[in-house]
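S.K.: Chain residues, written in single-letter form:
Protein chains: 4
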Amino acid sequence: MEVGGGWKDQFANAPDVLKNQPDHRTVVWAGNVSIGGEEFVTIAGPCSVETERQLMETAIRVAAAGARVLRGGAFKPRSSPYAFQGLGLEGLKLLAKARALTGLAVVTEVMAAADAPMVAQYADILQIGSRSMENYALLEAAAKTGRPILLKRGMVATVADLLQSAQCIVSYGNPNVILCERGIRTFETATRNTFDIAGIVVLKEISRLPVIADPSHAAGRRSLVPALARSAVAAGADGLIVEVHPDPDRAWSDGEQSLTFTGFGTMMADLAAWCELRAACRSALETVA
Amino acid sequence: MEVGGGWKDQFANAPDVLKNQPDHRTVVWAGNVSIGGEEFVTIAGPCSVETERQLMETAIRVAAAGARVLRGGAFKPRSSPYAFQGLGLEGLKLLAKARALTGLAVVTEVMAAADAPMVAQYADILQIGSRSMENYALLEAAAKTGRPILLKRGMVATVADLLQSAQCIVSYGNPNVILCERGIRTFETATRNTFDIAGIVVLKEISRLPVIADPSHAAGRRSLVPALARSAVAAGADGLIVEVHPDPDRAWSDGEQSLTFTGFGTMMADLAAWCELRAACRSALETVA
Amino acid sequence: MEVGGGWKDQFANAPDVLKNQPDHRTVVWAGNVSIGGEEFVTIAGPCSVETERQLMETAIRVAAAGARVLRGGAFKPRSSPYAFQGLGLEGLKLLAKARALTGLAVVTEVMAAADAPMVAQYADILQIGSRSMENYALLEAAAKTGRPILLKRGMVATVADLLQSAQCIVSYGNPNVILCERGIRTFETATRNTFDIAGIVVLKEISRLPVIADPSHAAGRRSLVPALARSAVAAGADGLIVEVHPDPDRAWSDGEQSLTFTGFGTMMADLAAWCELRAACRSALETVA
Amino acid sequence: MEVGGGWKDQFANAPDVLKNQPDHRTVVWAGNVSIGGEEFVTIAGPCSVETERQLMETAIRVAAAGARVLRGGAFKPRSSPYAFQGLGLEGLKLLAKARALTGLAVVTEVMAAADAPMVAQYADILQIGSRSMENYALLEAAAKTGRPILLKRGMVATVADLLQSAQCIVSYGNPNVILCERGIRTFETATRNTFDIAGIVVLKEISRLPVIADPSHAAGRRSLVPALARSAVAAGADGLIVEVHPDPDRAWSDGEQSLTFTGFGTMMADLAAWCELRAACRSALETVA
Chain A
1 MEVGGGWKDQ FANAPDVLKN QPDHRTVVWA GNVSIGGEEF VTIAGPCSVE
51 TERQLMETAI RVAAAGARVL RGGAFKPRSS PYAFQGLGLE GLKLLAKARA
101 LTGLAVVTEV MAAADAPMVA QYADILQIGS RSMENYALLE AAAKTGRPIL
151 LKRGMVATVA DLLQSAQCIV SYGNPNVILC ERGIRTFETA TRNTFDIAGI
201 VVLKEISRLP VIADPSHAAG RRSLVPALAR SAVAAGADGL IVEVHPDPDR
251 AWSDGEQSLT FTGFGTMMAD LAAWCELRAA CRSALETVA
Chain B
1 MEVGGGWKDQ FANAPDVLKN QPDHRTVVWA GNVSIGGEEF VTIAGPCSVE
51 TERQLMETAI RVAAAGARVL RGGAFKPRSS PYAFQGLGLE GLKLLAKARA
101 LTGLAVVTEV MAAADAPMVA QYADILQIGS RSMENYALLE AAAKTGRPIL
151 LKRGMVATVA DLLQSAQCIV SYGNPNVILC ERGIRTFETA TRNTFDIAGI
201 VVLKEISRLP VIADPSHAAG RRSLVPALAR SAVAAGADGL IVEVHPDPDR
251 AWSDGEQSLT FTGFGTMMAD LAAWCELRAA CRSALETVA
Chain C
1 MEVGGGWKDQ FANAPDVLKN QPDHRTVVWA GNVSIGGEEF VTIAGPCSVE
51 TERQLMETAI RVAAAGARVL RGGAFKPRSS PYAFQGLGLE GLKLLAKARA
101 LTGLAVVTEV MAAADAPMVA QYADILQIGS RSMENYALLE AAAKTGRPIL
151 LKRGMVATVA DLLQSAQCIV SYGNPNVILC ERGIRTFETA TRNTFDIAGI
201 VVLKEISRLP VIADPSHAAG RRSLVPALAR SAVAAGADGL IVEVHPDPDR
251 AWSDGEQSLT FTGFGTMMAD LAAWCELRAA CRSALETVA
Chain D
1 MEVGGGWKDQ FANAPDVLKN QPDHRTVVWA GNVSIGGEEF VTIAGPCSVE
51 TERQLMETAI RVAAAGARVL RGGAFKPRSS PYAFQGLGLE GLKLLAKARA
101 LTGLAVVTEV MAAADAPMVA QYADILQIGS RSMENYALLE AAAKTGRPIL
151 LKRGMVATVA DLLQSAQCIV SYGNPNVILC ERGIRTFETA TRNTFDIAGI
201 VVLKEISRLP VIADPSHAAG RRSLVPALAR SAVAAGADGL IVEVHPDPDR
251 AWSDGEQSLT FTGFGTMMAD LAAWCELRAA CRSALETVA
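So the sequences go chain by chain: A, B, C and D. By the working numbering, the letter at position 147 of the first sequence is numbered 147, and the numbering carries on one by one without gaps. By the working numbering, the letter at position 178 of the second sequence is numbered 178, and the numbering carries on one by one without gaps. By the working numbering, the letter at position 78 of the third sequence is numbered 78, and the numbering carries on one by one without gaps. By the working numbering, the letter at position 129 of the fourth sequence is numbered 129, and the numbering carries on one by one without gaps.
Quick caveat, the hints were computed from the structure, so don't treat them as lab data. Where a beta carbon is used, it is the ideal one built from N, C-alpha and C, also for glycine. Some clues are possibly wrong.
Stated by the list, open to error - Simulated DEER-style distance windows between Cβ atoms:
| # | chain 1 | residue 1 | chain 2 | residue 2 | range |
| --- | --- | --- | --- | --- | --- |
| 1 | C | Asp16 | D | Ala96 | 33 to 41 Å |
| 2 | D | Trp29 | A | Thr260 | 33 to 41 Å |
| 3 | A | Asp9 | C | Ala12 | 53 to 61 Å |
| 4 | C | Lys144 | D | Gly173 | 50 to 58 Å |
| 5 | A | Arg25 | B | Val27 | 51 to 59 Å |
| 6 | B | Pro81 | A | Thr262 | 15 to 23 Å |
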């Protein structure tokens, strides 16, 4: 990273997650998967863990199509005492069972500081959701489990804000943070959020941490997901997290943006060539920064 | 609330905090202060509780100038283990001491669900900060203390999002929610945030809850605070929350937007006539909706 | 204006419209009306000039209720050859006739550089619309007519951008610019735009030009207009521009945000006391800056 | 385009630029170049035409590296009478000379309706800049020259707004519109604008018009341009427009975001493989929609 350039001043609060030398790059291991290294890693699964059948079927199918990590929400936003709050511990156990069945690593969101140790018992990676990016008590509790953290950008967080939250996790002794761009809130109404692809490029330019893309939440509509996934590969992302469901129109949450098994399979087959090209260009990608 | 008007559909998730009849209006009591009733209530104090002297001096001065509630942060964002995290329990005790000294009610932020019962022992009102507006575990814990909740709008939350979080608190059995507009994040750079005064008008039009304005965080610069405070009175807000510090340039946080004692006194003297006029127009204000 | 304060650097491109001394303030005259002086000036009228009857009736009624300037669009956005494009010259003549009838000054929008001389023959003030704030050919043509210019802030323009366009007009030899805040585009959906009241305060703090508020376009719904108008008075604006129509539900454009005659009359009666208070506080308002 | 899907309602004002059948796609010809067809087309050149030497040198170099169209501003925003306003007619003649020298087609911005016929005499494509997207008098004048129009998205325009301006051009009898995504204004400060790559995907999904990407204005920093260009290829864009200058640090405008000749050459060499892959996937890209 060249010296100078006033635009970097905004990252001064996150010294430990910036690159210190041109080739400095953190690789995060979860189970037998490494994120931020050579491989482009796809994380896939349903928004919510709903039933054993739904989860096992999805895990088998996304693994067959090339996913390396299974996602699935066991804790959902408790926006009221009456809302579906996720299966909780039961959901965590199903995720672990799906891991045993398929060999996929497991990532799931932790929503309350008190739940962090329990979630860490079952999951390989703890996800901090967009709404929680500045929930410092939660960041601390999650960091202290020692599990890798998948940190989603807040809906209105700048790139600098995201790095500051990453810095916070690192400062609690946990260097294994994966950053995730998932769209920011703007005036645009044709998509659910505005996917900030340049944010990915900036993060890869300035930070040593792996960066993945969440095209499902960015787009909000499944027809846009494959093109955004391709663009994330081209922009230099280290991986993807996408929502997949056996029957999206009956999903308990986020059905509109979930891919079907067929849609996911087609996307993964299509992505293979793009990932191969990305691998071939990797040294070029590095020197861009 | 009259039937019809498609723009109200976005509030469908917050049925219990909407007006059900034209005159339905919640008044929240904290100590001997009522918010949402006849009186325009000013909450004032430092961003952070720093020292006993700083807090007592501020409490005496803001009370003398007409404030009814003392604000002061005992818990600050723990953005790293090295950052100032507030005085914690010590800060809470100082707030209670200031209350005993001045008769002011006390509001302070709770940042972690686990702290809610302790904070509720010392404070009359629990504040949920902007970053926590969608921290559902925290909303639940705060709601269940039974204390009134001062709920700040998230930096990128819509009015509908804010009401949904209020609904969440109410659904946990706590009807005493005070809404607070504190500016939203936009592209504008001349102010820290963009103060959404029409958001206050909409909230007063559609919701039964009291609404207060935070011109300090909206503006980010103290010279703008008095004019924004006046405009909030005119827009129909039920009160204000403003930052005041004995020596803003040496404040441990948010000094640029904190008023001096003199500045606060001048503002309160100036506001008196505007509040009187507001009281005279109150029936007119009601019929606007 | 005191020296220092890095936030003012963004206004460096607009040196001629900033205050050079604490009391420097431009008063713009249009016919017998002065804007930016002691009086709070209300501009009112329909979005579009539709018929002679509609315009004369509106002019008489708004004049009776206290408006000093009549607004009305003779040229509308030609978004297609098939859309209503305004009555053009015919509309300008009707505006002049309404002026003769009522004594009101007249403001109307000029949309094309080629039309500027013709519009200047009939109107006392030329309006530059939001979409045209950075249409430099139009700014030049309008400036060179010598008529005062009512310059509306672009939907996504910063305060600094607005001042730069004002500077452009001034640099073409026309010092008589009135700035207008009319809401900016954000993610919020409860209002048409987000009324940036702090933008008004900043403009009054930093610039020597008069500043008026357009609550109709900011709100997009007539029920919000009176409260926003009051708040603009309190914030220190020099006047208002509001849409009024004999029968808003049948207006050819912007009906939802237009006040009825009764609504306008009630608002003006209500505003009188607030304007009086503003006049009493004027010296206080000045010293805020 | 399948029937249904409420999100398409927002495009109702632009019926003539939507797809009417799955394979309906407009190809725009400019000189011997077609945009929107099989080939991925790169437009390159300086922000402003400065000198004959600067332009000829740039034209030769970008042509050698694979560009098909030369860009260069002859008219610049006349933000004041003292600012550099472009070389005007002199600049247009230099562009024509560069075309004769290299065989590149030429695109340049028209800023005033009165200039449209003159610009059309020299340029193959007329550019409508971001600030002018809703300058309807200019859209009409440009449309009526019969030249293809490169229409840049306004800084705060939605995708639907952009299509409405395209519809306006088409309704004046000119079907040859090329859409250009160039970033929108958000709160993010790490980039000049936020490149809305999903906007490209939506436009390709819903509209029959070619869509190109402007990574230079989106990013505002040259180091980001190659990665954004790659991502635009992957997202399905039909081409690029990028700024290139012999000596960016001495450019009269936009130097920070201009590529050097070497930088442009490296980017084009890198892009070749991505464009080849895009061509191979083209049938797949089409079926995404």
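S.K.: Against each hint, give a clear statement of whether it holds in the structure.
M.R.: To see whether the hints hold, each was checked on the structure:
1. Asp16(C) with Ala96(D): 33 to 41 Å: 38 Å, holds
2. Trp29(D) with Thr260(A): 33 to 41 Å: 39 Å, holds
3. Asp9(A) with Ala12(C): 53 to 61 Å: Roughly 19 Å apart at Cβ, these two residues miss the hinted range, so it is violated.
4. Lys144(C) with Gly173(D): 50 to 58 Å: The hint (50 to 58 Å, Cβ to Cβ) is violated, given that lysine 144(C) and glycine 173(D) are roughly 32 Å apart.
5. Arg25(A) with Val27(B): 51 to 59 Å: The hint (51 to 59 Å, Cβ to Cβ) holds, given that arginine 25(A) and valine 27(B) are roughly 58 Å apart.
6. Pro81(B) with Thr262(A): 15 to 23 Å: Violated, at about 48 Å.
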